[in-house]
Amino acid sequence: MPLALRMLGRDWRAGELRVLAAALVVAVASITSVAFFADRVSRALVRDAHQLLGADLVLVSDHAWKAEIGDEITRRGLQRAEAVNFISMARGEAGSQLAGVKAVTDNYPLRGRLRIASAPNAPDAPAADGPARGSVWLDERLVSALGAPVGSRLKLGSAEFTVAAVLTLEPERGANFFNIAPRLMMHAADVPATELVRTGSRVWYYLYAAGEPAAVAAFETWARARLERGERVDNLESGRPEVRAAIERAQSFLGLTALLAAILAGVAIALATRRFVERHLDSCAVMRCLGATQGRLLGLYGAEFLILGATASALGCALGYFAQGALAAALGDLLRASLPAPSVAPALQGFLVGLVLLLGFALPPLVQLKNVPAVRVIRREAGAPRGGTLAMYAAGLGALSGLLVWQAGDLRLGLYVIGGFGVAVLVFAAVAFGALRAVSASAVARRLGARSTALRYGLANLRRHARGNAVQVASLALGLTAVLLLTFTRNDLVDAWRRSAPPDAPNRFLIGVQPEQIAEVRRFLAGAGIAEADLLPMVRGRLVAVNGKPVAEADYGEERAKRLVEREFNLSYADELPAHNQIAAGRWYTSGARELSVEEGIAKTLGWKLGDELTFTVGAERFSARIGSLRKLRWDSMKINFFVIVPPALLEGYPASFVSAFRVAPGQEKGLDELARRFPNLTLVDVSAALRQAQNVVDQVINAVQFVFLFALGAGLLVLYSALVATEDERRREAAVMRVYGASRRHVTGSQRVEFLAMGLVAGVLATIGAAVIGQLLARRVFELDLPPSAGLWLAGPLAGVLLLSLNAWLSARKVLSASPALTLRDSV
Amino acid sequence: MKSGEADLVILREIDLDVTPGEVVAVVGASGSGKSTLLAILAGLDTPTAGSVQLAGADLFALDEDARAELRGRAVGFVFQSFQLLPSLNALENVMLPLELAGREDAEDAAREILARVGLAERLHHYPKHLSGGEQQRVALARAFVVRPQVLLADEPTGSLDAESGDAVIELLFQLNRESGTTLVMVTHDERLAQRCTRIVRLAAGRIVA
Chain A
4 MPLALRMLGR
14 DWRAGELRVL
24 AAALVVAVAS
34 ITSVAFFADR
44 VSRALVRDAH
54 QLLGADLVLV
64 SDHAWKAEIG
74 DEITRRGLQR
84 AEAVNFISMA
94 RGEAGSQLAG
104 VKAVTDNYPL
114 RGRLRIASAP
124 NAPDAPAADG
134 PARGSVWLDE
144 RLVSALGAPV
154 GSRLKLGSAE
164 FTVAAVLTLE
174 PERGANFFNI
184 APRLMMHAAD
194 VPATELVRTG
204 SRVWYYLYAA
214 GEPAAVAAFE
224 TWARARLERG
234 ERVDNLESGR
244 PEVRAAIERA
254 QSFLGLTALL
264 AAILAGVAIA
274 LATRRFVERH
284 LDSCAVMRCL
294 GATQGRLLGL
304 YGAEFLILGA
314 TASALGCALG
324 YFAQGALAAA
334 LGDLLRASLP
344 APSVAPALQG
354 FLVGLVLLLG
364 FALPPLVQLK
374 NVPAVRVIRR
384 EAGAPRGGTL
394 AMYAAGLGAL
404 SGLLVWQAGD
414 LRLGLYVIGG
424 FGVAVLVFAA
434 VAFGALRAVS
444 ASAVARRLGA
454 RSTALRYGLA
464 NLRRHARGNA
474 VQVASLALGL
484 TAVLLLTFTR
494 NDLVDAWRRS
504 APPDAPNRFL
514 IGVQPEQIAE
524 VRRFLAGAGI
534 AEADLLPMVR
544 GRLVAVNGKP
554 VAEADYGEER
564 AKRLVEREFN
574 LSYADELPAH
584 NQIAAGRWYT
594 SGARELSVEE
604 GIAKTLGWKL
614 GDELTFTVGA
624 ERFSARIGSL
634 RKLRWDSMKI
644 NFFVIVPPAL
654 LEGYPASFVS
664 AFRVAPGQEK
674 GLDELARRFP
684 NLTLVDVSAA
694 LRQAQNVVDQ
704 VINAVQFVFL
714 FALGAGLLVL
724 YSALVATEDE
734 RRREAAVMRV
744 YGASRRHVTG
754 SQRVEFLAMG
764 LVAGVLATIG
774 AAVIGQLLAR
784 RVFELDLPPS
794 AGLWLAGPLA
804 GVLLLSLNAW
814 LSARKVLSAS
824 PALTLRDSV
Chain B
789 MKSGEADLVI
799 LREIDLDVTP
809 GEVVAVVGAS
819 GSGKSTLLAI
829 LAGLDTPTAG
839 SVQLAGADLF
849 ALDEDARAEL
859 RGRAVGFVFQ
869 SFQLLPSLNA
879 LENVMLPLEL
889 AGREDAEDAA
899 REILARVGLA
909 ERLHHYPKHL
919 SGGEQQRVAL
929 ARAFVVRPQV
939 LLADEPTGSL
949 DAESGDAVIE
959 LLFQLNRESG
969 TTLVMVTHDE
979 RLAQRCTRIV
989 RLAAGRIVA
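Chains A and B, in that order, give the protein sequences. Sequential numbering from 4 applies to the first sequence in our numbering. Sequential numbering from 789 applies to the second sequence in our numbering.
Chain A extracted, bound-state conformation (with noise of 0.2 Å):
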């Protein structure tokens, strides 16, 4: 057995390696978890996006798909169903409502299940193919305005069907609010009969397709190079904006965890290496006086470490990889998904992590072993180690840094945790040194001292220690961050993060109601209870020129750039900014400027910037105006929401139809109805199916983000846990040597507490301030969104610190004074 092993067997079982193995397999098996987990959530996220689309890619077109197409998807071994959309009348007893008709083959949707129920507002359950041929399921709003119950019959066409259910849920709901008419679905199979598609229709052909990633990312590059006019790809990146901001929110909160889980670990390995090195430099002076060299030492240490650091990692992959399958589990019913299986990539990458974790904090402190004069076996103070520099950490938090970054997959957010975290050491290490020196010379701590010797000591110890005391603070102060910012700022960001997506967000989008019906609609609202329903106008246009230059649909490369400028514009007037909007560019028009306000994000895609001008016709008419501003708006918030507001005075002279989004609650659904028979030519859009949706979107990433702060919040337990003991021995050894001298055990302790107590407060606050700074900068600069002051914090914060230390100051009082003073000395000999 090579002697590297024997050393470490002879290390482990000595004691001396559990603390520092223990932080790795802690913070390979938070890492790995979290990977796996993150990698588990994040999949399953983007496959019930894609239910969303109910596909993983649906092409649309406005004549049939050349056979060849839908052919190639079946040839790739990819699942394939079909749709065609068209809107038409269809007439029940109680009257005739346009129907959004949507036929679709008997495995549609892909992804994701259809929901029905056997009346309106019953109970709905998933249903398990699509409507069977004859049959139709109509949703709630046909039902009541057709006055179509389930059994009844209705005329399509030339056709007649029974009405087999209430559809309740459709994947695809919601992706086109302005365009959506009540549904009516049916069997593709029956289209014929009805024949309602005939040459000039407006119909709409949807092919979708499912399968493995690489498989529909192939077939997509191959579909998009055969594109003709009136035909487009839609995927997840191009069909739903509100979807994709959640996601993307989601892989923040979990990189940010990843990150933090990464960064405790390090420091603890930092910490427990520290000591280890320091508890080794004697044996070290002897093993140079029994001949070995400097070369030799540092390989034997070296490997002893890179033996310790792979078995350790192993047994963290394989204790991730349990936590995660046992979590995942235990919330199964929590995460309303089954996650895929989990894939190696997070193993390895735990591992490497693991690795360069051990490397990068344990190398340079055992660099330092080798550095030990043998001398120091005659003369003890020879060679003493030098405090642990920021630099002799370069490599180390170097390679880490690269680490977060990857592990984040985000350049942005790893660059502010790290630059938050390195700024945070410096801080808290330099106001901690000017903390504790300036508590100890005060003119209160004199008088404190003229009372009580052991207040005197502690005080002095306080003054003595000072650099080590900060390092030692600093560490405490940054574990403690840590877990504040998982407990406390996790909380905050937790609840404004579900505060963006409110339960009480508008449930229902009003379409289509023309100027002389505003009055008389907004009286109808208020009577039925739906007090806050702003009736916003809309103005219909296309976009022809950009500075001057006529808009050509070939100018733009990206395919959402080029369907924006293909349709029209759904132009708005409002002399305030909306409520929900903010500006991010230039200001707010007043009220008679030429001028417009655009969304951030289209200004983005097709390339506009501040001053640009803008041409659009309506109807026979056209306007230009220059871009004043930029607005950033929230797609989760369900509001209604324009790309391009304009002064009222540009376009109030234009024909405009008015849409309103407004909540609903349980119960006044009756009303509806009324409004429906009331206002015929009004359509109303029940979003509340996709609002669902989106919240258990979002409220599955809450609990999967949460699941995963318990390991982030293990790994800062451990920082914590070796800053506490990293100064144990020395303290043992002055208070052992304190009570040789007679010191009484009152005496002992009480200087201990109140150093440790000091040290707790000052720690505690820095920590406070630490989590509530990197709280507000997350929150605000990633999460876009604003983290009220949280007084817990401020409480908790400093409590926890004290707490803490008074704990540790009790502890390590047991100790010291259960061990008798001569073999604590003997022992540090």
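Source of the hints: derived by calculation from the structure; they are not laboratory data. Heads up, some of the hints might be wrong.
To be verified - Which residues of chain A face chain B? A few of them, derived with a C-beta cut under 7 Å, are:
hint, residue
1, Leu6
2, Trp15
3, Ser286
4, Val289
5, Arg291
6, Leu293
7, Gly294
8, Ala295
9, Thr296
10, Lys373
11, Ala377
12, Val378
13, Val380
14, Glu519
Unchecked claim - Reference listing, derived: stretches of chain B covered by chain A, where coverage requires no fewer than 3 residues with Cβ under 8 Å from a Cβ of chain A:
hint, segment
15, 882-892
16, 983-995
As the list claims (entries may be wrong) - Incomplete in silico selection of chain A near chain B, CB under 8 Å:
hint, residue
17, Asp285
18, Met290
19, Ile381
Ideal Cβ positions, reconstructed from N, Cα and C, are used throughout, including at glycine.
Keeping the supplied structure of chain A fixed, place chain B upon it in accordance with the hints.
Quick look at chain B alone, frame taken from chain A:
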């Protein structure tokens, strides 16, 4: 051998020749430079000027790593504070120099010499569970197990009570006789010094007798 002039001069004009098999005591008051002389003889410390010939090698013409190898090969140590590795048991402490030298028979050799110093029953005890005298006997075993040409001892009884000190010294001389090792022992114990074949007295960094 000479060592000399620095800002703080610890040793000066030292000229000392020790022949193989000699047993030399270095005595002197605290601060007379005894321990520094020993450190220099072992190549643990470097003098500002002068040279040391050890086992045929010019010690300070070698670099630190080469000196370490020479120590491993030819020199044994016994210290006042024993310098046993706290994480290793008695057997492992004795095995350590052999293991560092890559010897396959480390365990057998260590067991044998530990039995020789009377600790056959204590092989698996850790230093903190051994008495001072026992710890120093382990240290003696560790020093002699490599069969060094030169043994350097720094106040080997300094941390022991009289009785265990005497026992350790008896053992030290006995082992020394059996192996014919050259012994240089720093001590302030006159009684102990008298048992050596030669006494070197230091005062204020110079040899006075």
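Hint check results:
With 7 Å as the threshold, the beta carbon of A:Leu6 comes within range of chain B, its nearest partner Cβ sitting at about 5 Å, so the hint holds. For A:Trp15, the suggested interface contact is broken, since its CB lies about 9 Å from the closest CB of chain B, more than 7 Å. For A:Ser286, the suggested interface contact is upheld, since its CB lies about 5 Å from the closest CB of chain B, less than 7 Å. Checking A:Val289 against chain B by beta carbon gives a least distance of about 5 Å; that is within 7 Å, so the hint holds.
Because the closest C-beta pair between A:Arg291 and chain B is about 6 Å apart, less than 7 Å, the hint holds. With 7 Å as the threshold, the beta carbon of A:Leu293 comes within range of chain B, its nearest partner Cβ sitting at about 4 Å, so the hint holds. The interface hint given for A:Gly294 holds, since its Cβ lies 2 Å from the closest Cβ of chain B, which is under the 7 Å cut-off. For A:Ala295, the interface hint holds, since its Cβ comes within 7 Å of a Cβ in chain B; the closest pair sits about 5 Å apart.
Look at A:Thr296: its Cβ gets to within about 4 Å of chain B, closer than 7 Å, so that hint holds up. Restraint check, A:Lys373 versus chain B: the minimum CB separation of about 10 Å is more than 7 Å; hint violated. Given the 7 Å rule on beta carbons, the hint for A:Ala377 holds: about 5 Å separates it from the nearest Cβ of chain B. With 7 Å as the threshold, the beta carbon of A:Val378 comes within range of chain B, its nearest partner Cβ sitting at about 4 Å, so the hint holds.
For A:Val380, the suggested interface contact is upheld, since its CB lies about 5 Å from the closest CB of chain B, less than 7 Å. About 92 Å separates the beta-carbon of A:Glu519 from the nearest beta-carbon of chain B, more than 7 Å, and the hint is not met. For a cut-off of 8 Å, the count of residues in the segment 882-892 of chain B with a CB near a CB of chain A stands at 5, and the three-residue condition holds. Look at the segment 983-995 of chain B against chain A: 0 of its residues bring a Cβ nearer than 8 Å to a Cβ of that chain, fewer than three, so the hint is violated.
Hint status for A:Asp285 relative to chain B: holds, with the closest Cβ pair at about 7 Å, below 8 Å. At a threshold of 8 Å, the smallest CB-CB gap from A:Met290 to chain B is about 7 Å, leaving the interface hint in force. Hint status for A:Ile381: holds, given a least beta-carbon distance of 5 Å to chain B, under 8 Å.
Consistency with the previously given hints fails for numbers 2, 10, 14 and 16, ordered from lowest to highest.
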